[in-house]
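Undergrad: Sequence:
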Amino acid sequence: MGKPRISVIMSVYNGEKYLKQSIESILKQTFADFELIIVDDGSTDNSFTIIRGYDDDRIRVIRNKARIGLTRSLNKALRRARGEYIARQDADDISLPRRFEEQIRFFERHPKTVLLGTSVYLIDEEGKIVGKRIIPAEASKALLEANVIFHGSIMFKRMVIDKIGGYNELFKYSQDYELWLRVSKHFDVNNLQEPLYCHRIHRSGSIGLTKTREQFLFGVLARKIATHELKYDSRLIKLIDQRGINCIYGYLTTREKFLFYESCARSIFSGHLWQNAIGRATLNVYHAIRRKVLSCPIAYE
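First residue of the sequence shown? That's 65 in my numbering, and the numbers climb one at a time after it.
For the record, the hints were derived by calculation from the structure and aren't laboratory data.
It should be emphasised that the depicted structure is a prediction, and the values quoted were computed from it without experimental measurement.
Just so you know, nobody snuck in bad clues.
Below 27 Å or equal to it, Euclidean Cα-Cα: the simulated DSSO-like pairs (lysine-lysine) are:
id: 1; residue 1: Lys227; residue 2: Lys295
id: 2; residue 1: Lys81; residue 2: Lys275
id: 3; residue 1: Lys81; residue 2: Lys196
id: 4; residue 1: Lys221; residue 2: Lys176
id: 5; residue 1: Lys140; residue 2: Lys81
id: 6; residue 1: Lys81; residue 2: Lys92
id: 7; residue 1: Lys321; residue 2: Lys295
id: 8; residue 1: Lys221; residue 2: Lys205
id: 9; residue 1: Lys67; residue 2: Lys227
id: 10; residue 1: Lys295; residue 2: Lys236
id: 11; residue 1: Lys221; residue 2: Lys67
id: 12; residue 1: Lys321; residue 2: Lys205
id: 13; residue 1: Lys227; residue 2: Lys140
id: 14; residue 1: Lys321; residue 2: Lys236
id: 15; residue 1: Lys196; residue 2: Lys92
id: 16; residue 1: Lys249; residue 2: Lys236
id: 17; residue 1: Lys92; residue 2: Lys140
id: 18; residue 1: Lys236; residue 2: Lys205
id: 19; residue 1: Lys275; residue 2: Lys140
id: 20; residue 1: Lys302; residue 2: Lys140
id: 21; residue 1: Lys275; residue 2: Lys321
id: 22; residue 1: Lys249; residue 2: Lys295
id: 23; residue 1: Lys129; residue 2: Lys236
id: 24; residue 1: Lys129; residue 2: Lys81
id: 25; residue 1: Lys205; residue 2: Lys249
id: 26; residue 1: Lys140; residue 2: Lys249
id: 27; residue 1: Lys129; residue 2: Lys275
id: 28; residue 1: Lys288; residue 2: Lys275
id: 29; residue 1: Lys249; residue 2: Lys302
id: 30; residue 1: Lys275; residue 2: Lys196
id: 31; residue 1: Lys176; residue 2: Lys227
id: 32; residue 1: Lys176; residue 2: Lys205
id: 33; residue 1: Lys227; residue 2: Lys302
id: 34; residue 1: Lys288; residue 2: Lys227
id: 35; residue 1: Lys221; residue 2: Lys249
id: 36; residue 1: Lys249; residue 2: Lys227
Work the whole structure out from these sequences, hints included.
TA: Structure below.
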């Protein structure tokens, strides 16, 4: 078997519920010249059994003896990838059949673009479409404000990794955002306006306050490194290694602190509290304050 045009990388940890749907959405792509590299990150459910159940020589499996996390697992897959292009797929999401075909066509027509995401449909736990996100076509400048690329939808040229490296393993979360920001310094980054990817929203419970807090702070860290507000050096790495990502809170501007607490509030009220009268009243007060604060100019520290 020769080198495939596309290497699709996926990491899964205890993803048995939706894993089969995700894998089959890749195998049903109209553009079939790909390999699918799946890293089982120490799953304790039937994920590995599901993966090994496929008799398709395009699927390559890596099994971690113990869980090492998404960032390191993706880098492991990148080192095994042989394709000219690298595509991502999350283990609980679905790629629509023409996704790879349309992304390859865009690359061929726009040779300066090296990384390409797509707009997405939002689906619930039953696979029903509950929303849609149309992402900015030109993403490079918009990335300095927010992560406007859905991680699972992306495809990028292999030469990007050869030039700037893979995912930064300091980042437990927002590893994708940190990589996009590095790429956008040197190359054109775009999104297809057509939704070609289905991102699953889990409503069975909240993400958890700790995870929400860490996701926000890692995102801020990625942006501040990209804009040179923080110097990425051995001292910063040591600080985070010793004190954890919470140490970044002291570098937040006033506006960023407000948005930080907003994200925490959303996490708290994403469970069942909002359903009762007290929860609804609290949310009404919160949104009133939010509108007031965001309508006023806020000085940066």
